[in-house]
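Student: Starting from the known structure of chain C, arrange chain Y on it as the hints suggest.
Protein chains in written order, with my numbering: chain C, 26 to 685; chain Y, 3 to 372.
Think of the hints as simulated: they come from the structure by calculation, not from any bench.
Computed from a prediction, not measured in an experiment: that's the story for all the values here.
Check the hints yourself; a few may be wrong.
Claimed, not checked - Using 16 Å as the maximum straight-line C-alpha spacing, the simulated EDC-like pairs for lysine to aspartate or glutamate come out as follows:
| no. | chain 1 | residue 1 | chain 2 | residue 2 |
| --- | --- | --- | --- | --- |
| 1 | C | LYS644 | C | ASP633 |
| 2 | C | LYS30 | Y | GLU138 |
| 3 | C | LYS401 | C | GLU442 |
| 4 | C | LYS135 | C | GLU103 |
| 5 | C | LYS34 | Y | GLU138 |
| 6 | C | LYS30 | Y | ASP304 |
| 7 | C | LYS34 | Y | ASP304 |
| 8 | C | LYS419 | C | ASP328 |
| 9 | C | LYS230 | C | GLU246 |
| 10 | C | LYS81 | C | GLU233 |
Unchecked claim - Here are some, though not all, of the chain Y residues that point toward chain C, as calculated from beta-carbon distances under 8 Å:
| no. | residue |
| --- | --- |
| 11 | ALA104 |
| 12 | LYS167 |
| 13 | THR179 |
| 14 | ALA184 |
| 15 | GLY202 |
| 16 | PHE204 |
| 17 | GLY244 |
| 18 | GLU262 |
| 19 | ASN265 |
| 20 | GLY273 |
| 21 | GLY277 |
| 22 | SER299 |
| 23 | ALA327 |
| 24 | THR330 |
| 25 | SER332 |
To be verified - Just so you have them, the derived chain Y footprint on chain C, three or more residues with Cβ under 8 Å:
| no. | segment |
| --- | --- |
| 26 | 65-77 |
| 27 | 460-469 |
In this text, a Cβ means the ideal position worked out from N, Cα and C, and glycines have one as well.
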Amino acid sequence: MSSVKRTVKKRLIVLLAGFFAVYFALVGRLVFIQIINSSEYRQKAMEQWTKDTVVKSRRGIIYDRNGKELAISATAYEVSVSPANVKDPEAVAQALSEVLGLDEQAVLEKVKTKKASVTIMKNVDSEKVKLLREKELKGLSFADGSKRFYPQANFAAFVLGFTNIDNEGLNGAELTYNKYLTGYPGRIINMYDAHGKELPGSDTKYYEPKDGLNLVLTVDEVIQHFAEKHVENAWVENKAKSVTAIVMDPNNGDILAMASKPDYDNNDYKKAPEQYLGNWDSMSSKERQDVLNSIWRNPAVNDTYEPGSTFKIITSAVGIEEGVVKPEDKFYCAGSVMIGGKRLKCWRSHNPHGSQTFVEGVMSSCNPVFIAVGEKLGAEKFYKYIRAFGFGEKTNIMLPGEAPGIVRGVGAVGPVELATTSFGQGISVTPIQLITAVAAIANGGKLMEPRIAKKLIDNEGNTVYEFEPRMVRQVISKETSDTMRSILESVVAFGTGNKAYIPGYKIAGKTGTAQKVENKVYAAGKYISSFLGFAPANDPKVIVLVVIDEPGGAIYYGGQIAAPVVGNIMSDTLRYLDIKPQYTEEEAKLMQRPAVVVPEIRNMSLKDAIIKIHEAGLKYSVEGEVDYTNSSLVLDQIPKSGSNVNEGTTVILAVKPVEQ
Amino acid sequence: MSGRKANNVDFTLLITVLTLLAIGVAMVFSASSISSFIRDNDKYQYLKSQGAFAIIGIFAMWFFSRFSYKKLGNLALPLVIISMILLVLVFVPGIGVGSHGAYRWIKIGPQRIQPSEFAKFALVVFMAKGLSNKKEKVRSFTQGVLPYIILMGIYCVLIILEPNKSMAIIFAAITFTLLFAAGAKMSHLLVWLTPIIPAGIFILIKDKYSLLRITSYMDPWSDHLGSGYQAIQSLLALGSGGIFGLGLGNSRQKFFYIPEPQNDFIFAIIGEELGFIGTTTIIVLFMLLIWRGLRISLSCPDMFGSLLATGIVCMVAIQVALNIAVATVSIPTTGISLPFISSGGSSLLFMMINMGVLLNISKNIKANGS
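Bound conformation, chain C alone:
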């Protein structure tokens, strides 16, 4: 054998060994990949094959306390495109833009993206989906979804709130009860190829969504209607900035109605408010958002104000509870009082009330009476009660953004502050705080947490959870409460609150007129008029607060403009609640008087107006300081001309002296 041949043989064996070594090394690699690290790779592969699709749960319905639907979830669709399955992108884009009213070029871009699925539009109604389905285009999909719908747009907008496009609560009960309403989304797990198409025969895993629970509010749709109607009328008639009403059951804190005007349409909550329509397009998005944020504010809960005379209810209750004053105690009003070197005037300083009992002082809302009561109480005791009534802290009503109000620390209360607080100045409260506190005075002394939701129910109507009424604390005794009810009843029967009077019902209440505080000073000509009343006075079932912010008319006293609104809401509500009127003999007689129409007397001279009123068989009363010797001009009248009233009803006139 030649040496070459020997070398070749040796080298062939080396080659064989070399190849085998490489092949064994590759088997080693495979052991590493397919056995040792197999699960890690399988996991990663699984992640790339499978895709989760969220199946939305149906958002719970919001009912009123009697089962009327206030917020429902209507069927809507999410239109999306799987670009991999689209045969003709141009045709698809054209159809989508045509039916959904979108920009064709923008849609075409989406259709051409390299993604498994692209959402084109959410909350598309079924009719448009039907149109698209009829076109039989490949690559379109329509996912079932739901769209929040409020059958009575604007209705109870501040209580209900609204949801965003993803059905998440953004305001009102929709926000505060969001976690119960949303439920749990389900999932579909599917396998897809690298182009985003579902793998044939892959076993789809479906986890059913859990629907949201349905929320039953304490709000009564009918009472809410009354409140909305009368609030709107008051808003229009008084040309006010806003009008707010709260109707509550004083015994358990249930909110029966909560209404404010202006409001917004919760079906289309981003719509430009009417007063901004003209320049909406020229506003920046931030300006628009500021406007929207302001109209979404719930004045009943989010805004504070100086309560003025309505706060005298608190001062009275504390005085009686502490025994510093009794109903028959005598007081004297000289028109003003000197406190700490400062002259504090009574609202009727031009015509001082003179000698009067405490009850008469409440009826006439006489400031010096309350200054005296506050003085007797002393700051420490008085402020302890103010806080016990819940002022200066949130009531914990389940509505977003509640303001706590401002109550001075006792250390900062001097004689002047003590005096002003006693008639409701220098303290800032929210409407919900005030009505909750007065409800405690009306219901026997129990401060209740205001409640907007009664319970959560499932789709079969079974109660899942009950929100029990919660008593925060006993603030005053039952005896004090009884006394206060009768005092407040006389305010309506004979005092400043007589415009809330409803024949046949015992109504208790208190007026309030406060100058608005702007930048820490009282703003001239800007008032907040309010009235807080409850009925029946001996066994309160309903308590109503009406706050009129910046009434634009010449008449701005709470007793004149807010009291009738409370009276109207109360009258409708009491009849609805089937609380029978019990007429006194006198009332029965009055009821039989014929109805007359109130004549138009605005812009007449006072003399002519009085003649006209007498001719109509009505009485009159003039507001403000009137110089009868001069001829004065009638600026405004209540009731308005054209109203039907009983013969002998008093027409209130606002007058202005005519310049000579």
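Tutor: Chain Y only, in chain C's frame:
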């Protein structure tokens, strides 16, 4: 002629080749059915063409197992010349066929063939013939080594121009392995490494594409949607197959996660569907083929037959090693098909011709073996 045992071909080798061929056809069908169904609405498209080439291949193998390899030796030079012409024709418009920016095929009737597959065969025949005639001169640098390096250089330049760098690497590997087997001096072979290293560095710096492939090889996850994509998808396929695999036809990675799963990455699909059992079976079958092939080389009485068998075995062995090394991300991604298994008519046809030649050589070995 009567009673001569030498008339029998190596039966183990034959069975091994037929087994690989069968696995190949089945796996090409499994791997390609989805994409060909989506693209051409015919999931049997690749099965049909691969099956047809398998049958043609079996006939070709049968023919060459009966065609005396010694006559091939006389055809060595014409084969080289024809292969060079074909490699040039690739660039001639009307004859050459381009795909994905590369000109690797020429059109003959309805069929396109890959001249480089033919050239590979020609190179092996020419080198076996030449080196067997050289005898002791194989130890000479100028007469033994240099001429083949030059020949290889010409082939590589033509093939790199297509461009098909992977194929050029195979040509170089076959050339060096054959020179090694033929008994060339180690120093004469190793000296070629000195220009290769700077040239390699130069190419890497100049050619960002190559560099990218190297970096994505070192850490494929760093760019898993870009250059590391194929490497990752191959690992995921192999790994999710585990020991027993997802079952024949059940690959998920063939749903476009691995591009052209019937081609260079078919080994990954085999790993996914048939598991570690399947992949090692394939490797063991190739080891069997290499062993039987080199056994033929060792026992072949004449030098030409011995070197021809060695060249054929090396060609298969190198391609298999490179293909599986790529699929297992042991080396950077490069496009080399898996012999007998990856789809592709020219490759399969010439592999079968090579096997026919190998079987023919096996007939001439001594009855008692080596």
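Student: Determine for every hint whether it applies to the structure shown.
Tutor: Status of each hint after checking the structure:
Of the pairs offered as hints, the one joining C/LYS644 and C/ASP633 holds, with about 14 Å between alpha carbons and a cut-off of 16 Å not exceeded. Our distance criterion of 16 Å between C-alpha atoms is met by C/LYS30 and Y/GLU138, whose separation comes to about 10 Å. Of the pairs offered as hints, the one joining C/LYS401 and C/GLU442 holds, with about 14 Å between alpha carbons and a cut-off of 16 Å not exceeded. Of the supplied pair hints, the one linking C/LYS135 and C/GLU103 holds, its CA atoms being roughly 15 Å apart against a limit of 16 Å.
Only pairs whose Cα atoms come within 16 Å are accepted, and C/LYS34 paired with Y/GLU138 is accepted, the gap being roughly 15 Å. Distance hint between C/LYS30 and Y/ASP304 is fulfilled; the C-alpha atoms sit about 10 Å from each other, no more than 16 Å. A C-alpha spacing of about 12 Å is found between C/LYS34 and Y/ASP304, which places the hinted pair at or below 16 Å, so the restraint holds. Distance hint between C/LYS419 and C/ASP328 is fulfilled; the C-alpha atoms sit about 12 Å from each other, no more than 16 Å.
A threshold of 16 Å between alpha carbons decides the hint, and for C/LYS230 with C/GLU246 the separation of about 43 Å lies outside it, so the pair is violated. Between the alpha carbons of C/LYS81 and C/GLU233 the distance comes to roughly 9 Å, so the proposed pair stays at or under 16 Å and holds. The beta carbon of Y/ALA104 comes no nearer than 23 Å to any beta carbon in chain C, farther than 8 Å, and the hint placing it at the interface is violated. Annotation: Y/LYS167 was flagged as interfacial toward chain C, and the flag is violated, the nearest CB pair being 21 Å apart, outside 8 Å.
Residue-level restraint check for Y/THR179 holds (minimum Cβ-Cβ distance to chain C is 7 Å; threshold 8 Å). For the restraint placing Y/ALA184 at the interface with chain C, the shortest Cβ-Cβ distance is roughly 6 Å, inside the 8 Å limit, so the hint holds. Taken as an interface hint, Y/GLY202 does not check out: its beta carbon lies about 20 Å from the nearest beta carbon of chain C, beyond 8 Å. Nearest Cβ of chain C to the Cβ of Y/PHE204: about 27 Å, over the 8 Å cut. The hint is violated.
Because the smallest distance between the Cβ of Y/GLY244 and any Cβ of chain C comes to about 4 Å, under 8 Å, the interface hint for this residue holds. With its C-beta approaching chain C no nearer than about 12 Å, Y/GLU262 sits outside the 8 Å limit, and its interface hint is violated. The beta carbon of Y/ASN265 is not positioned within 8 Å of any beta carbon in chain C (closest approach about 16 Å), and the interface hint is therefore violated. The interface hint given for Y/GLY273 is met, as the beta carbon of that residue sits about 6 Å from the closest beta carbon of chain C, less than 8 Å.
At about 7 Å, the closest approach between the beta carbon of Y/GLY277 and any beta carbon in chain C falls short of 8 Å, and the interface hint on this residue holds. Because the smallest distance between the Cβ of Y/SER299 and any Cβ of chain C comes to about 5 Å, under 8 Å, the interface hint for this residue holds. Taking 8 Å as the C-beta cut-off, the interface hint given for Y/ALA327 holds, the closest approach to chain C being about 6 Å. Given the 8 Å rule on beta carbons, the hint for Y/THR330 holds: about 4 Å separates it from the nearest Cβ of chain C.
Proximity of Y/SER332 to chain C holds as hinted, the smallest CB-CB distance being about 5 Å (cut-off 8 Å). Against chain Y, the segment 65-77 of chain C contributes 8 residues with a C-beta closer than 8 Å to a partner C-beta. That satisfies the three-residue criterion, and the hint holds. Figure legend: the segment 460-469 of chain C, annotated as covered by chain Y; annotation inconsistent (0 residues with Cβ-Cβ distances under 8 Å, at least 3 required).
Comparing the model with each numbered hint stated earlier shows that hints 9, 11, 12, 15, 16, 18, 19 and 27 do not hold.
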